[in-house]
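Residue numbers (our numbering), protein chains in the order written: chain A, 5 to 381; chain B, 5 to 381.
Just so you know, not all the hints are guaranteed correct.
You can't tell identical chains apart in this list, so a pair holds if it fits in one copy or across any two.
Dumping the calculated PhoX-like pairs for lysine-lysine here, alpha-carbon to alpha-carbon at most 20 angstroms [stated by the list, open to error]:
no.	residue 1	residue 2
1	K232	K91
2	K8	K232
3	K91	K333
4	K370	K231
5	K152	K291
6	K275	K128
7	K128	K83
8	K7	K43
9	K8	K331
10	K236	K331
11	K256	K231
12	K91	K291
13	K345	K7
These aren't lab readings, by the way, just hints derived from the structure by calculation.
There are 2 protein chains.
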Amino acid sequence: MQKKYLLAPGPTPVPDQALRAMAEPMWHHRTPRFRNLYKEVTEGLQEVIQTSQNVYCIGSSGTGAMEAAIVNLIDTGRKTVVVRGGKFGERWGAICQAYGIEFLPIDVTWGEAADPAEVARVAKSDPAVAAVCLTLCETSTGTHTDVKAVCDALTDSGVLVFVDGISSVGACEFRMDDWGVDATIVGSQKALMTPPGLAYIALSQRADAAMETCCRGRFYLDLRAYKKSLPKWDPPYTPPVTLFAAQHESLKMMRDFGIQNIWQRTADFGKATRAALQAMGLALLSKAPSDCVTAVCLPDDVDGNEVVAHMRDVQGVTPAGGQAQLKGKIVRLTHMGHIDKFDILVGLTALAQALAAQNHTVDLGKGVNTFLKLLGE
Amino acid sequence: MQKKYLLAPGPTPVPDQALRAMAEPMWHHRTPRFRNLYKEVTEGLQEVIQTSQNVYCIGSSGTGAMEAAIVNLIDTGRKTVVVRGGKFGERWGAICQAYGIEFLPIDVTWGEAADPAEVARVAKSDPAVAAVCLTLCETSTGTHTDVKAVCDALTDSGVLVFVDGISSVGACEFRMDDWGVDATIVGSQKALMTPPGLAYIALSQRADAAMETCCRGRFYLDLRAYKKSLPKWDPPYTPPVTLFAAQHESLKMMRDFGIQNIWQRTADFGKATRAALQAMGLALLSKAPSDCVTAVCLPDDVDGNEVVAHMRDVQGVTPAGGQAQLKGKIVRLTHMGHIDKFDILVGLTALAQALAAQNHTVDLGKGVNTFLKLLGE
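Working from the sequences, and respecting the hints, build out all of it.
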C-alpha cells in the first residue's frame, strides 16, 4: 500500500505518456515509423540543447557519450584540461587516463565552482591542450559551473569546450550555439524525463571537423557512423527502440511547456528549496548551487546512511545520498524533469521525518512556508 | 484497426509481462530492489549461456559487447582470425580494423558456413593470433556456424574463441563451458525477448585473465569495472533500469519453460519453416541454415523491396529484408523468442500474399500442411 516517490537526481520520474509508450507491442527500427521518430527526437534535442548542429543519439549511459567526446575529438598527442570538483568531473579525468591522454587537472574543493579565468589560463598555458572538460551541474555536490564565462574567456583560443550536461541540460539555462560550446553531452534519465539508456552528444562545426580527422581507435562510439546515418535517419546499430519512444513523448511535453519556462521553473524550485532547507536550520553543501539538484548537509548527530534508508524504506521517498567522500554526509533532492512543487514538499517532509526518527528535530512548517512564499504562493 | 505482427530477427516480440514491467513508475538503481534484480538477471543469463562464469551486462547494442571482447582481450601486437560470411562476421573485422588490429580473414560465400578445420588451421598458422571471432548465427543470411567443432579443433592451441551469439544464444543449442568458448556475446532483443539496449558478455577464466592484463585503452566498455561491481551488484554506470526489469521478466519465462525445451522448439520451428517454404516452391538462401532465422530467396520476377513493404504496410506483418548485397533479394523470418507456430503461419501467409500482389503465385496450402505435419500436428 505504500506510495513511492522518486526524488533522486537521475533516474528521475518518467511521465505516464512516456511509460505507456514503452509498453506498446515491440516494433522495428528499420521502418518509416522509427525514422520519423528518430528525426523528431533529434529535432527536440536540438531545441533543448539550443543548437542547430547535429545531435548524435547513442545507446549507452551518459558516460558513453562523455567518452565519445574524448575518443572522437582528442587526437593522439593532444591534452585536455579537466575541472574536478566532484565525482563527475573526476570521470572526465578517468576517461582521459584510460586512453593515456595527459590532462591538466584543476581541482576545486567539492561544492565549489571553478574560476573561469583560471580555467582559461591553464588551457592557454600549453599549446597541446585541445579541450577543456567541464561539468555543467556537478550532481555529486549540486554545484553549477558558469560555462558561458569559460567559453567567453576562451574565445579565439582554439581550445574546444566540452560540457557534461547530463544532469542539467533541459532543466537549467544552457545555450550551446550562443555560448560557443563545442561538445554537449546529455543523458535521457534526468531533465529529459526518460529512463536511462540513451545518451546524446551535440558537436559544433569545429568539433565535427576534429571528429572527421581524429585518428584514435573507436567503433561503437565512433560518431562518424552516427553522422553518416543521419540523412536517412537509419541508425548504425540496433537502437534502444522503447527508450526512443519514451524520449519522443517526453520531448513533446517539454516543447509544449517551452524550454525557457522549464528553465525558469527549475530556477524557482532550486531557490525555494534552498531557502526552505535553510529555514529548517540545515546547511547547503554547495557554495555555487545548481538549481537542478540540491545537496543538503546532514547534522553531525545523525547517521546519514540511515536517513537515506529511512526516507526510502519507511517514508517511500527515494532521494540520493552522498557518493565517495560525501557518503553518509548529505542528502540530494532533484528539481529536474517531471517534478512539481508537491514532490519537493514530499521530499522536505520525508527528510524532516527521517531526521526526527534519529531525534533531530527541524521546523518543517517554517520550511514549507518559506518554500511556498518564495514560489509566490 | 490493422493488427501488427513482428517477425523480424530482432527486435523480436516482447511478452506482455516484460512490457508491463517497463511501464511501472520509474525507480532507482542504487537500491536493494535493483541489486536483487541485477543478480537474478545475471544468474538467468548464466543458465541461458550455459556457463558458471561471470556475465557482464552493458547498456549498449550487441555491437558494444563485440567491441568489448576486442578491446578487453586483444592486446597490442596480437591478431585475430575473423570468419566473414555476412554482415555480422564483417563487423568483427570492422571493429578490429578500427583499432588497427591485424586480422586474418576467412571469407566464405554468404549463406555458407566456415569449415572448422580451416578456421583452426589459419588460427594456428600465426603465433600472434590471440582469438578467433565467430558468429553463431549469421543473421544476415540465416546461417549457422558449428562453434563446438571450431572449439574442438582449437583445443590446447591457446587461441581464444569469441562467439557473437547475439541472435541465437537462448534459442539454439549453445553450451559455453562444455564447448570451451571464451567470450560469448548476447543481445537482449532477440531470443531473450527484451527490447534492444542491453548486451551481455560472458568470459571464460582464461579470457578473464587476459582482460586483467590487456593494456588497450577503454573506459565504458572496460569489463574490469563491471567485474569489480559484481560482488555488490552495484553497476559501474547508470544502467538501463527499465530494460533490466523487462529482461528479468523474460528470463523468468525462459526458466519456467526450460532452456533445453526452448532449443528443441526453435529447432522444430526452423525445420518446419524451411520445409514449408520449399513446399511453396521457394528456395532457401543458406546451405547451413540456422534454426533461429530463415532467409528465403525471392523469385526473380518480383521486386524484393516491394515484398517487404507489402508485408509490412498492407498485411501488417514486419519481416526483415536483405542487407547489403542481399537487399531486395531475400525475406527473413525469425523463430526466436516470443514466437509461436501461429506467428510463423502468419508470416508464411503474408509472404504468399505479398508475392501474389506481384502476380507470383505460390501454393500456400501446401506450405501450411507441410509446416503442421512436420511439427507433428
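Now the hints, each set against the structure:
1. K232 with K91: between (34 angstroms within a copy, 18 angstroms between copies)
2. K8 with K232: This pair counts as neither: shortest intra-copy Cα distance 43 angstroms, inter-copy 31 angstroms.
3. K91 with K333: within (15 angstroms within a copy, 52 angstroms between copies)
4. K370 with K231: Classified as neither; 53 angstroms inside a copy, 47 angstroms across copies.
5. K152 with K291: Intra 18 angstroms, inter 61 angstroms, cutoff 20 angstroms: intra-copy only.
6. K275 with K128: neither (35 angstroms within a copy, 67 angstroms between copies)
7. K128 with K83: within (12 angstroms within a copy, 41 angstroms between copies)
8. K7 with K43: Neither: 37 angstroms inside a chain and 25 angstroms across chains, both beyond 20 angstroms.
9. K8 with K331: neither (23 angstroms within a copy, 49 angstroms between copies)
10. K236 with K331: between (47 angstroms within a copy, 16 angstroms between copies)
11. K256 with K231: Answer is neither: 24 angstroms inside a copy and 39 angstroms across each miss the 20 angstroms cutoff.
12. K91 with K291: within (17 angstroms within a copy, 54 angstroms between copies)
13. K345 with K7: within (17 angstroms within a copy, 42 angstroms between copies)
The structure does not agree with the numbered hints 2, 4, 6, 8, 9 and 11 stated previously, though it agrees with the rest.
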